[in-house]
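Peer 1: What follows is each chain in one-letter form.
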Amino acid sequence: MLELQHLKKYYATQKAVDDISLTIREGSIFGLLGPNGAGKSSLLRMVTGITMPDEGKIMMGGEAFDPVKHSRYIGYMPEERGLYKKMKIGEQTLYLAQLKGLSKIESMQKIKYWFDKLDMNSWWNKKVEDLSKGMSQKLQFVTTVIHDPKLLILDEPFSGLDPVNSEVIKNEIFELAQKGTTILFSTHRMEQVEEICEDIALVHQGKVILNGSVVEIKQQFKENKFRLETDQALNHFDELIIDQKNTTYTFQYKEPENAKQVLGYCLSHDIQILNYQELLPSLNDIFIRKVEGSAARTFSINS
Amino acid sequence: MNKIWLIIKREYLTRVRKKSFLVTTILIPLLIFGLMTSMIVLSLKSEQKQTIAVLDDSGFFKHKLDTSSESYSFKYVDRMQGESNKQLIERTKSDILLHVFPFNGMDADSILLYKEGGVSLSAKSYIGDELNTQYQIRLLESAGIDKVQIDSINSRSLQMKSYDLENNKETNSEIASSIGYAMGFLIYIIIFIYGAGVMRGVMEEKTNRIAEVIVSSVKPFQLMMGKIIGIGLVGLTQFIMWGVLMLILQLALPLLIPGLGESMHTGMPMSPDVQTAMQSIDENDKMKIYNAIMDQNWGMILSCFLFYFLGGYFLYAAMFAAVGSLVNEDPQEAQQLTIPITMPIIFGFIIMATSVKDPNSSLSIFGSLFPLTSPIVMMARIPYGVPLWQLILSMVFLVLGFVLMTWLSAKIYRTGILLYGKKVSWKEIIKWMRYS
Chain A
1 MLELQHLKKY
11 YATQKAVDDI
21 SLTIREGSIF
31 GLLGPNGAGK
41 SSLLRMVTGI
51 TMPDEGKIMM
61 GGEAFDPVKH
71 SRYIGYMPEE
81 RGLYKKMKIG
91 EQTLYLAQLK
101 GLSKIESMQK
111 IKYWFDKLDM
121 NSWWNKKVED
131 LSKGMSQKLQ
141 FVTTVIHDPK
151 LLILDEPFSG
161 LDPVNSEVIK
171 NEIFELAQKG
181 TTILFSTHRM
191 EQVEEICEDI
201 ALVHQGKVIL
211 NGSVVEIKQQ
221 FKENKFRLET
231 DQALNHFDEL
241 IIDQKNTTYT
251 FQYKEPENAK
261 QVLGYCLSHD
271 IQILNYQELL
281 PSLNDIFIRK
291 VEGSAARTFS
301 INS
Chain B
304 MNKIWLIIKR
314 EYLTRVRKKS
324 FLVTTILIPL
334 LIFGLMTSMI
344 VLSLKSEQKQ
354 TIAVLDDSGF
364 FKHKLDTSSE
374 SYSFKYVDRM
384 QGESNKQLIE
394 RTKSDILLHV
404 FPFNGMDADS
414 ILLYKEGGVS
424 LSAKSYIGDE
434 LNTQYQIRLL
444 ESAGIDKVQI
454 DSINSRSLQM
464 KSYDLENNKE
474 TNSEIASSIG
484 YAMGFLIYII
494 IFIYGAGVMR
504 GVMEEKTNRI
514 AEVIVSSVKP
524 FQLMMGKIIG
534 IGLVGLTQFI
544 MWGVLMLILQ
554 LALPLLIPGL
564 GESMHTGMPM
574 SPDVQTAMQS
584 IDENDKMKIY
594 NAIMDQNWGM
604 ILSCFLFYFL
614 GGYFLYAAMF
624 AAVGSLVNED
634 PQEAQQLTIP
644 ITMPIIFGFI
654 IMATSVKDPN
664 SSLSIFGSLF
674 PLTSPIVMMA
684 RIPYGVPLWQ
694 LILSMVFLVL
704 GFVLMTWLSA
714 KIYRTGILLY
724 GKKVSWKEII
734 KWMRYS
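Quick mapping for you: the protein sequence lines, in order, are chains A and B. Here my numbering is used: the first residue of the first sequence is 1, the next is one more, and so on. Here my numbering is used: the first residue of the second sequence is 304, the next is one more, and so on.
This is chain A alone, in the form it adopts within the complex:
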């Protein structure tokens, strides 16, 4: 669906995007992760056609990206949300839909669909300034997806959302993805990514330092940690246990044989296994490890 090839965007003081290449599969939910200032927004702005890359190419559906032609298929919600405060909500939504290239009739149909769906029908004649923050963010989301974009780009979509609206938007994102919309979103909150995304890219200082599916990445970074909960004390394997709470043990295996040994021991000693699972690192852990690693690398290069 979307292919970024060696994108670069340099500003006077920094390399906002420094040679980033990514492939985003059609219909996938792709999370762009990174701390504030990593270059996520700069990257997204290029993909929406708001800014042009200094170098590199963007391919969309197999052809070179053309902002004028492709803007119809892109829905973009910037990090800094905004609507005309004094304009009536109905008119405003209609205006934004028409700017995307929808006819008036089409726009009205879509507006009706979304306003019904998200229970916004009574808002038509209100002004944005009369809405609460949560309501206006719901409206912002609707104006972003009103034209059925094939590619939905959301810059920090959950920042500032209350739990209820956060859930509403999350569900809508899932639903759109199921219908085949490709979703690219950025966030600095890792737990959301684990919940929502299939693929991720970790961005730090304008560079991709990690890229792949969430499952793969976790596998790649697993540390062979397992948690075992039993009905009685083990009194064994002291060299493998790294943490213990009552009869819940955290193991770090040193070789694949260890699993067989631990479980075999439990079975042969009539110890009941209440729970047994592999502990995969959270993306947050991986991220911190990677960033610290790269920071250390940069440091060692500089020194």
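Mixed in with the good hints, there may be bad ones.
As the list claims (entries may be wrong) - In silico lysine to aspartate or glutamate, EDC-like type, Cα no more than 20 Å apart, as pairs:
hint	chain 1	residue 1	chain 2	residue 2
1	A	133	B	507
2	B	306	A	66
3	B	312	A	243
4	A	245	A	278
5	B	321	A	129
6	B	312	A	106
7	B	522	A	119
8	B	322	A	91
9	A	225	A	243
10	A	127	A	116
11	B	725	A	79
12	A	104	A	91
13	B	321	A	91
14	B	306	A	106
Think of the hints as simulated: they come from the structure by calculation, not from any bench.
Place chain B on chain A using the hints.
Peer 2: Just chain B, lined up with the frame of chain A:
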């Protein structure tokens, strides 16, 4: 193109539908008209007559100052023992004291005027005129010319007519200067009001953060031009409505205040020169002025006005848009950033003020060709007649200037609207302009 049309429509409709648009559109002509009417009513009513007490120690003007006008009359008085100037004025129930000491010609200290609260300029010039006339008569008489001769000389004066070499038509420079001044002033006001409107609109979009949403659908250039054209159309609408309203009021006024119609039949905003000139001339001359106004090439003036209105507005609106895109929440920042724009406008206004008196000076010609000042200055020159080559050159320059400025402004604009919370230096702005 379709999208730019949507933007124009939104910019236009949201403004025209506002209550404040209706209020200003109706109120401003009423206000201007009210002001003009009250000025005329006031000038028609004779002011309270002021008495000038004459204390003539020289004896030179004895019984000579016997004229009286609508506003002033003279009265000879004597000073009582130990009486101050103030007491003298109070006792004689006068307003002004004219004290003439024995004099020998050039001495300014020998004629003094006193008044509670200071002597007004008009009183001083009236008294000065009267004194000088009598003084000159006395000198002529002492040179042996008798009164009869003097009177007959005084009643004669030469008449002049001036012609424009280009079309060999009689010109009336008072009328031309008034029309020029009014036109130039209008353009000056338009640029300021609607240019600032564009700037506010851009600032609103930036601070509301809607700009980034919009430019993901349309090009920043389309957004900028849509706004500029939309607001320009609002301006045009307002002008047309003002014109219609003024015309209606014009027609209705003589019915409301009988006897006023005549002094306003020209319907043109007049400079004070023309107004005083009109007061002191008879009906016949009024007709002449009326004809002179009607003789003006109004088709030419109005079409030029439209061209320079649009050209000047577009040129400056693009610059105002660029400035608006640079401003963050702080209005003071806007003030600082508009200085480079307001300077040439004010400069143009100053040149225009001299151009109405001397339309063919080199400064006027420069001002009417240079695109940043030409919309204002050229309008002041047009009623006098401008050589065709200058007019065409000025128009070409204005169009080129507009294209160049819009091109540069668009570059600033598209970066500026996406830059939040950062103060921009001029160095950076210049860099954006170079950046393709």
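Peer 1: Taking the hints in turn, state whether each one holds.
Peer 2: Structure-based check of each hint:
For a cut-off of 20 Å, the pair hint linking residue 133 of chain A to residue 507 of chain B stands: about 19 Å separates their Cα positions. Among the hinted pairs, residue 306 of chain B with residue 66 of chain A is consistent with the structure: their alpha-carbon atoms are about 17 Å apart, no more than 20 Å. About 68 Å separates the Cα atoms of residue 312 of chain B and residue 243 of chain A, which puts this hinted pair outside 20 Å; it is violated. Restraint check for residue 245 of chain A and residue 278 of chain A: satisfied, since their Cα atoms lie roughly 17 Å apart, inside the 20 Å limit.
The suggested pairing of residue 321 of chain B with residue 129 of chain A holds, with an alpha-carbon distance near 16 Å, which does not exceed 20 Å. Under the criterion of a C-alpha separation no larger than 20 Å, the hint pairing residue 312 of chain B with residue 106 of chain A is consistent with the structure, at around 19 Å. Only pairs whose Cα atoms come within 20 Å are accepted, and residue 522 of chain B paired with residue 119 of chain A is rejected, the gap being roughly 33 Å. Taken as a hint, the residue 322 of chain B and residue 91 of chain A pair is honoured in the structure, with Cα atoms around 18 Å apart against an allowance of 20 Å.
Only pairs whose Cα atoms come within 20 Å are accepted, and residue 225 of chain A paired with residue 243 of chain A is accepted, the gap being roughly 10 Å. Straight-line distance between C-alpha atoms of residue 127 of chain A and residue 116 of chain A comes to about 18 Å, which keeps the hinted pair within the 20 Å bound. Restraint check for residue 725 of chain B and residue 79 of chain A: the C-alpha separation of about 16 Å stays at or below 20 Å, so the hint holds. Between residue 104 of chain A and residue 91 of chain A the alpha-carbon distance is near 11 Å, which keeps this suggested pair within the 20 Å criterion.
Between residue 321 of chain B and residue 91 of chain A, the direct Cα distance comes to roughly 15 Å. Compliance with the 20 Å bound is thereby established for this hinted pair. A distance of roughly 16 Å separates the Cα atoms of residue 306 of chain B and residue 106 of chain A; the hinted pair therefore holds under the 20 Å criterion.
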